[in-house]
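Working from the sequences, and respecting the hints, build out all of it.
Per this note's numbering: the sequence shown ends with 249, consecutive numbering throughout.
Simulated from the structure, these hints should not be mistaken for lab results. Mixed in with the good hints, there may be bad ones.
Stated by the list, open to error - Computed cross-link-like contacts, DSSO-like style, restricted to lysine-lysine with a CA-CA straight-line distance of at most 27 Å:
| no. | residue 1 | residue 2 |
| --- | --- | --- |
| 1 | Lys21 | Lys88 |
| 2 | Lys7 | Lys55 |
| 3 | Lys118 | Lys21 |
| 4 | Lys118 | Lys54 |
Unchecked claim - Restraint-style ranges between C-beta atoms, simulated for each label pair:
| no. | residue 1 | residue 2 | range |
| --- | --- | --- | --- |
| 5 | Lys118 | Gly13 | 27 to 33 Å |
| 6 | Val192 | Arg53 | 36 to 42 Å |
| 7 | Asp189 | Cys31 | 56 to 62 Å |
The beta-carbon is built from N, C-alpha and C at its ideal position, and this holds for glycine as well.
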Amino acid sequence: VWDVVQKLGAYRGEQLERLGKLAKAKKSEGCIETKLLYEEDDGVWLPLQGKDRKKYGPSKEMKVGIAYDGVLWSGGKSGKERRELHNKVAYTSFDSAAEYREHKEGLVASRFNVKGIKLRIRNGDGAGWVQGFGNADINVLDVFHRNKALLTHVQNSEHREMISKLLYEEKDIPKLLAYIEGMMNSEEDADVQEHYRTLLSYYKNNADGLLSAYDHDIPIPDTSEPGVIHHARLGSMESNVFTLVGNRM
1 VWDVVQKLGA YRGEQLERLG KLAKAKKSEG CIETKLLYEE DDGVWLPLQG KDRKKYGPSK
61 EMKVGIAYDG VLWSGGKSGK ERRELHNKVA YTSFDSAAEY REHKEGLVAS RFNVKGIKLR
121 IRNGDGAGWV QGFGNADINV LDVFHRNKAL LTHVQNSEHR EMISKLLYEE KDIPKLLAYI
181 EGMMNSEEDA DVQEHYRTLL SYYKNNADGL LSAYDHDIPI PDTSEPGVIH HARLGSMESN
241 VFTLVGNRM
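So this is what it looks like as structure tokens:
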């Protein structure tokens, strides 16, 4: 069984590498037509055993990615609307960042006609291997992670409320960063000041991604079937990390 699985994995890897190279040349074998592609990436740290533990340490990050062309809404069992990612593909691996990008791109190219894609929107947590993708037209810092950073590093409720207002209501990123820097410089407690510094650095490094995909001055194409397939809010990665990897492990 082990030998069969290894041969199948090697074959699939070679297939994805070939498709990845085709995708770079704006060619693909995928037949799904869409002008808009959403992509989300994240990582999950898994404990290792045996030889892997000796080689890599107690744990290693598995990279997880999904791509889809919109969202379907339908009535659920409890009467609430059910949300489904349309034409979703998923890829997970322990690959290096470069290998992961090429293999995931190959998977995308096996399903979608990449030549017809006009806009690619990527959602991530700000990690270098995620935001480092060169094929995204718009990069967005995941709402869960930007809120988690705010809750972790700002304990003052008034400051937290003001930061949230600048970020989500006024959407004034320069003013937001200036405000955080002002709070950092006026703080006397060294530990509190370090928290502000960490938040400021995180937001500065991902300043272009603090706005939603729809707040950039870039036209958003229609989905392949307007009114049926809807534009996505993004933020599906946490649940996919759990269902694809975390729950299984």
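Cross-check of the supplied hints:
| no. | hint | verdict |
| --- | --- | --- |
| 1 | Lys21 - Lys88 | holds (21 Å) |
| 2 | Lys7 - Lys55 | holds (23 Å) |
| 3 | Lys118 - Lys21 | holds (19 Å) |
| 4 | Lys118 - Lys54 | violated (45 Å) |
| 5 | Lys118 - Gly13: 27 to 33 Å | holds (30 Å) |
| 6 | Val192 - Arg53: 36 to 42 Å | holds (38 Å) |
| 7 | Asp189 - Cys31: 56 to 62 Å | holds (59 Å) |
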